[in-house]
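A.B. asks: Sequence:
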Amino acid sequence: MEPISSSAPSLGEALMNCLKAMTTDPAAFPQQAKTSTYDIAGLVQTERLAYRGRNGRDCFVLGTDSGGDWGPIEEDWDENLTADDLEWMFLEFVVLGEIEGEDIESWGFPGDAYTVTIGTA
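According to the numbering used here, the residues represented by the sequence shown are 31 to 151, in order.
Among the clues, some could well be false.
Claimed, not checked - Each pair of labels, with its calculated beta carbon distance range:
1) 143 x 112: 17 to 23 Å
2) 61 x 84: 27 to 33 Å
3) 32 x 135: 34 to 40 Å
4) 80 x 50: 24 to 30 Å
What the hints contain is simulated information worked out from the structure, not anything from laboratory work. Backbone N, C-alpha and C define an ideal beta-carbon position, used for all residues, glycine too.
With the hints as extra help, turn the sequences into a complete structure.
C.D. replies: In structure tokens form, the structure reads like this:
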């Protein structure tokens with residue numbers, strides 16, 4: 031698969047654009063999403079807040095070994111999943127899927143410009 035990239039005002043919109051570009055049937059969840067890598071450029075809140083993918087900083091990278099769970103997103107995909115819901119579910123189930131700790135409550139994507147590039151692992 032060739033890398034797919036999208037820029038948008040929110041992570042959810044950029045991610046939604048990329049996932050929809052991965053399939054010819056917009057009602058079908060793209061199965062290759064589960065085995066792809068995600069490079070995210072924009073404001074990312076982890077243990078600390080930082081712009082990623084700018085000014086020489088690496089993108090926030092999420093790979094297939096993250097341990098996340100795409101199941102809830104796949105289940106809701108054909109029920110008109112909104113970009114806001116996708117962003118929340120991506121954070122909750124894919125990014126934070128197996129991370130435990132007190133600081134995960136602060137994780138998020140609070141910026142107003144994101145670029146997501148999806149590629150193969």
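A.B. asks: Each of the hints needs a verdict: does it hold here or not?
C.D. replies: Taking the hints in turn, this is what the structure says about them:
Checking the proposed 17 to 23 Å range against residue 143 and residue 112 shows it holds: the Cβ atoms sit about 19 Å from each other. Remark: the range hint 27 to 33 Å for residue 61 to residue 84 is upheld by a beta-carbon distance near 32 Å. Here the CB-CB span from residue 32 to residue 135 is close to 37 Å, well matched to the stated 34 to 40 Å. A hinted range of 24 to 30 Å for the beta carbons of residue 80 and residue 50 is consistent with their spacing of about 28 Å.
Violated hints are absent here; each numbered hint is respected by the structure.
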